[in-house]
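Chains as they are written, first to last, in UniProt numbering: chain A, 1 to 580; chain B, 1 to 235.
Note that these hints are calculated values from the structure, not bench results.
Mimicking DSS-like on lysine-lysine, the simulated pairs with C-alpha atoms at most 30 angstroms apart in a straight line are: (1) A/Lys189 x B/Lys197; (2) A/Lys400 x B/Lys197; (3) A/Lys495 x B/Lys149; (4) A/Lys418 x B/Lys185; (5) B/Lys210 x A/Lys192; (6) B/Lys217 x A/Lys163; (7) A/Lys453 x B/Lys101; (8) B/Lys217 x A/Lys192; (9) A/Lys308 x A/Lys453; (10) B/Lys197 x A/Lys418; (11) A/Lys397 x B/Lys155; (12) A/Lys128 x A/Lys163; (13) A/Lys397 x B/Lys202; (14) A/Lys163 x B/Lys197; (15) B/Lys202 x A/Lys189; (16) A/Lys495 x A/Lys192; (17) B/Lys210 x A/Lys147; (18) B/Lys210 x A/Lys163; (19) A/Lys246 x A/Lys50; (20) A/Lys400 x B/Lys149; (21) A/Lys453 x A/Lys276; (22) A/Lys494 x B/Lys155; (23) B/Lys185 x A/Lys397; (24) A/Lys193 x A/Lys365.
Stretches of chain B that chain A covers, calculated by requiring three or more beta carbons in the stretch to come under 8 angstroms of a beta carbon on chain A: (25) 90-101; (26) 182-194; (27) 207-221.
Quick partial rundown of chain A residues pointing at chain B, CB under 10 angstroms, derived from the structure: (28) Phe78; (29) Ser162; (30) Gly172.
No residue lacks a Cβ here, since even glycine has one placed at the ideal position from N, Cα and C.
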Amino acid sequence: MSFEIKSSSETYDVIIVGSGAGGGMASKILSEAGLSVAVLEAGKDFDPAKDEDRTQLRPSWESPRRGAGTRIRPFGDFDQAIGGWDIEGEPYTRAQGTSFDWFRSRMVGGRTNHWGRISLRFGPNDFKRKSIDGLGDNWPIGYDDLKPYYDRVDKLIGVFGSKEGIYNEPDGFFLPPPKPRLHELYIMKGAKKSNMPVIPGRLSMLTRPINNERGVCFFCNQCNRACQAYADFSSGTCLVKPAMQKGNVELYTQAMVRSVTTDEKGNATGVSFISKVDMKEYKLRSRVVVLGASACESARIMLNSKSKTHPNGVGNTSGMVGRYLHDSTGADRMGIMPDLIDRERYNEDGVGGMHVYTPWWLENKKLDFARGYHIEYWGGMTMPSYGIGFSMDTMRKYLKDEFGNPSPNGGYGEGLKKDIRRIYGSTLGMSGRGESIPQYSNYCEIDNNVVDKYGIPVLKFHYQWTDQEIKQAKHMQDTFEEILTESGATLLGKKPGPETMYGLATPGRIIHEVGTTRMGDNPDTSVLNSNCQAHDCKNLFVVDAGPFVSQADKNPTWTILALAWRTSDYIVSELKKKNI
Amino acid sequence: MNRRENLKLLFTGSLASGLLLTNCTPEDKQADLSPKIAGGTPGGRIEAEIERDQQLLSETFFTQEERKKLDILVDIIMPADDESGSATEAGVPDFIEFMMKDSPSYQTPMRGGMMWLDSYGNDHYGKTFLELSENERMEIIDLIAWPDKASPEIKGAVNFFNILRNLTATGFFTTEMGFNYLGYKGNVANAWDGVPKDVMQKHGVELPEKYLPYYLKPEERGTVAVWDDEGNLIG
Ligand SMILES: Cc1cc2nc3c(=O)[nH]c(=O)nc-3n(C[C@H](O)[C@H](O)[C@H](O)COP(=O)(O)OP(=O)(O)OC[C@H]3O[C@@H](n4cnc5c(N)ncnc54)[C@H](O)[C@@H]3O)c2cc1C
Ligand code: SF4
Chain A
1 MSFEIKSSSE
11 TYDVIIVGSG
21 AGGGMASKIL
31 SEAGLSVAVL
41 EAGKDFDPAK
51 DEDRTQLRPS
61 WESPRRGAGT
71 RIRPFGDFDQ
81 AIGGWDIEGE
91 PYTRAQGTSF
101 DWFRSRMVGG
111 RTNHWGRISL
121 RFGPNDFKRK
131 SIDGLGDNWP
141 IGYDDLKPYY
151 DRVDKLIGVF
161 GSKEGIYNEP
171 DGFFLPPPKP
181 RLHELYIMKG
191 AKKSNMPVIP
201 GRLSMLTRPI
211 NNERGVCFFC
221 NQCNRACQAY
231 ADFSSGTCLV
241 KPAMQKGNVE
251 LYTQAMVRSV
261 TTDEKGNATG
271 VSFISKVDMK
281 EYKLRSRVVV
291 LGASACESAR
301 IMLNSKSKTH
311 PNGVGNTSGM
321 VGRYLHDSTG
331 ADRMGIMPDL
341 IDRERYNEDG
351 VGGMHVYTPW
361 WLENKKLDFA
371 RGYHIEYWGG
381 MTMPSYGIGF
391 SMDTMRKYLK
401 DEFGNPSPNG
411 GYGEGLKKDI
421 RRIYGSTLGM
431 SGRGESIPQY
441 SNYCEIDNNV
451 VDKYGIPVLK
461 FHYQWTDQEI
471 KQAKHMQDTF
481 EEILTESGAT
491 LLGKKPGPET
501 MYGLATPGRI
511 IHEVGTTRMG
521 DNPDTSVLNS
531 NCQAHDCKNL
541 FVVDAGPFVS
551 QADKNPTWTI
561 LALAWRTSDY
571 IVSELKKKNI
Chain B
1 MNRRENLKLL
11 FTGSLASGLL
21 LTNCTPEDKQ
31 ADLSPKIAGG
41 TPGGRIEAEI
51 ERDQQLLSET
61 FFTQEERKKL
71 DILVDIIMPA
81 DDESGSATEA
91 GVPDFIEFMM
101 KDSPSYQTPM
111 RGGMMWLDSY
121 GNDHYGKTFL
131 ELSENERMEI
141 IDLIAWPDKA
151 SPEIKGAVNF
161 FNILRNLTAT
171 GFFTTEMGFN
181 YLGYKGNVAN
191 AWDGVPKDVM
201 QKHGVELPEK
211 YLPYYLKPEE
221 RGTVAVWDDE
231 GNLIG
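Input sequences plus hints: build the corresponding full structure.
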């Protein structure tokens, strides 16, 4: 049962803030242990199996903008992330001379409704980077601590992939991977010449069933629209809803948490939230509070939870809340494959993501930057939507007429129409996603001058890339040119140079922001202990990407899920032992 | 949908239409899918989006005269041929009208470009664009339709035509008529089993031997996965 507002004197065992990856996992594990759980979610309910919520399988013409992005759905009119970079009435600010873009989804399931579902484990080295290159810090835990949880996440949620035996890219319990698409086969052939690995992707869509509750993938390429058969992982459909069916879980939607409430001893007593329905403030009580509002938002809640015992915000005795914010690096390049012009037609949708990728394959010791990156590939005969047929004023020259002469750019008429048909499905590209070095000087804090429409003080971001990330982006660009060229593609656009930091994406743009409530053994330099428990508030935990000490060159969500499971187990055992 | 329903659909091959996947009413099945702009995307809209779409649809950007020009121009860019209809038949002008309000940065170059057509007509032929003969119109279009050859003095008009070409092409290819003309085969439930063999052969690519035993086999899509302790699939 879900509530929009509830004023209640009853006490829950646990309040969980946020229903994304971390909050969803906590709701499942904690409720299965028999605890009473309240999940507070700022957005509305969402279920892709209901026709009123469904955008999956809708053809482009069902959108008046043919799938173009909007402020509310920047990744396209059918995309299932309701929120965006710039939410009406919920601003954030940036310190002068720095940049950070913050992507939020406001709905049950959070950003796991539309995420790319690339589901990679961190490897043993990823927890101990300082020991390897002297930069940043080690995690207080290692791969062996998380391995059993990664194993369980694989089996509970489902991920396809291939066993490769690469030390820092640990294998898991994989479902069968789908065969590569045509442009992916070209890339595999090209990369082989450069001795670069291209292996089956690791994504969380069910190519085969893992239980009797969720359907199996029918290859529509639209996971970002959320799957009505629940064949891709979203926290709402795979964790929160099942937890509500089986356990003692109450879901509060449209509940915007402002702060964690504490008693004189400094222990958490519950949360204070604004109901979006009547714009009034309510309080809920619990024995344990679990924050899973996403790395930056959980930091914001902690910083806004000031009291006599926590004058700088709960969890913030060290002053580390918000510090070490970091995102993955990102850069891209595109090409056109002459051999794919005029290509044969068949249904090439596949899963909603790449069928192959390149894990990090080099030795940093031999390079001028410290951390690696992986490469994601895109292309193929995808559904025509807003943007198809664009740029013929620069692209038409890549089409040759029957005598082998390049077509003139631009034009009109029957010939143009045919040329757009000929070029369809012949462009392809790649994106590097790499590890950055966490910095004390990159952080978010409360901006005392600005509140959102709920009266809650907002975040102010401070973020600058360092030489490490810029050099890595330069290396990406060289690699992209090499792969595209070896695959037989013609490079499109100009190679990004130093004037654009080699095309390095603005911080935040890769949407892997982590580190704001990092864990550590030393309470002076970290917010949480190795069990994601606040050093200065024993019954407060964080289950999103805030606890990450470093964001590997792997996308973060599989690690959020494993860590949230481990933290939940710890909460259950501490409650049993009456330690909290 | 539970697994059994999902599988039932997978194996009966009745998934040709996405609508069959949901609990839809007979009315839904007969939904008008013709390429004209109706009240916005039918599913998955929040209130703020519905309100905004309705608002945009209730406003009109192009004047009647501009709209006449637009109809002529989009059919020059995407005319009918023996395989498909024209841009106006595909409802492209309605789409462009909508985009002017959805993305207001389009407004000035579009309005300005249409004005430029009249000014140029007045200066060189003593007539507005609509008054020109077809040949005269095409003389002007040829000045701005080929960016690499166009005179730098009229770059603004070339940019206008680039935008118009983009929007016309997108407006055409995102309709049912455009999908058919393009030969897009997706957006239906299916069991992906790789690139057709003859296509791979023609392109000189093959599946890596090493992965052949591991790739998904369509006939196993109904069997719940079971692993041994080492993560090998055994069922
Ligand atoms: C386009 C895109 C592609 C991505 N692709 C990948 C990928 O391929 N692989 C990968 O690993 N990761 C990917 N990610 C990142 C992934 O989505 C996030 O890492 C993950 O969703 C984070 O989970 P979370 O639990 O921290 O928070 P979220 O999923 O962001 O959920 C947080 C929830 O908390 C709610 N909330 C926030 N504040 C409050 C408050 N004050 N009160 C109450 N509720 C609140 C929000 O509404 C939201 O529902 C992608 C992200 C995007 C946007
Ligand atoms: S690709 Fe598969 S998992 Fe993804 S939305 Fe389509 S059917 Fe569902």
